[in-house]
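S.K.: Put together the whole structure using the sequences plus the hints.
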Amino acid sequence: MAKALHIALGLALLGGAAQAQGFDTLPEDQQIGYCAGFYLAEGAHLGSDQPLAAGFVALAARTSAQAEADVAAKLEGTTPMLVPFFQTYDSNPSAQAMIDQSRAFCEGLAAGYDETAGLLP
0 MAKALHIALG LALLGGAAQA QGFDTLPEDQ QIGYCAGFYL AEGAHLGSDQ PLAAGFVALA
60 ARTSAQAEAD VAAKLEGTTP MLVPFFQTYD SNPSAQAMID QSRAFCEGLA AGYDETAGLL
120 P
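Counting in numbering that gives the first Met the number 0, the sequence shown runs from 0 upward without gaps.
Simulated from the structure, these hints should not be mistaken for laboratory data. Note that the coordinates shown come from a computational prediction; the quantities given were computed from them, not determined experimentally. One or more of the hints may lead you astray.
Claimed, not checked - What follows is a list of derived Cβ distance ranges for each label pair:
#1 107 with 67: 21 to 27 Å
#2 64 with 92: 37 to 43 Å
#3 47 with 69: 18 to 24 Å
#4 89 with 64: 39 to 45 Å
#5 92 with 66: 37 to 43 Å
#6 64 with 116: 19 to 25 Å
#7 50 with 89: 21 to 27 Å
#8 21 with 68: 16 to 22 Å
#9 113 with 66: 17 to 23 Å
#10 91 with 66: 34 to 40 Å
We treat Cβ as the ideally placed atom computed from N, Cα and C, and that holds for glycine.
M.R.: As structure tokens, then:
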């Protein structure tokens, strides 16, 4: 799962609509892992836990048959890769596009799972 998450994060870090639109072609576990990492990074940037991060971690644990703590530990290692995008959101159009596209993708994905559907804003 960690390798899969790094692949998904690599796509996100490349930015651009073509890569973002490719998220839906990734295997389900990679989509879930990416969204968990995305919301963990948002929480790290804001200095608060994000309910969708916990929901996606629980979902990733269920789909990978791993303990939530193990999944969270793996995903938190990728958080530093995404935090700079949140930090530069207001001044960097590429960061804005990546975050906006990721958020739209992850909110759409969240709507389809019991663990995350009730956590949408």
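S.K.: Run every hint past the structure and note whether it holds.
M.R.: Against the structure, the hints come out as follows:
{"no.": "1", "hint": "107 with 67: 21 to 27 Å", "result": "holds, 23 Å"}
{"no.": "2", "hint": "64 with 92: 37 to 43 Å", "result": "holds, 40 Å"}
{"no.": "3", "hint": "47 with 69: 18 to 24 Å", "result": "holds, 23 Å"}
{"no.": "4", "hint": "89 with 64: 39 to 45 Å", "result": "holds, 40 Å"}
{"no.": "5", "hint": "92 with 66: 37 to 43 Å", "result": "holds, 39 Å"}
{"no.": "6", "hint": "64 with 116: 19 to 25 Å", "result": "holds, 22 Å"}
{"no.": "7", "hint": "50 with 89: 21 to 27 Å", "result": "holds, 24 Å"}
{"no.": "8", "hint": "21 with 68: 16 to 22 Å", "result": "violated, 30 Å"}
{"no.": "9", "hint": "113 with 66: 17 to 23 Å", "result": "holds, 19 Å"}
{"no.": "10", "hint": "91 with 66: 34 to 40 Å", "result": "holds, 36 Å"}
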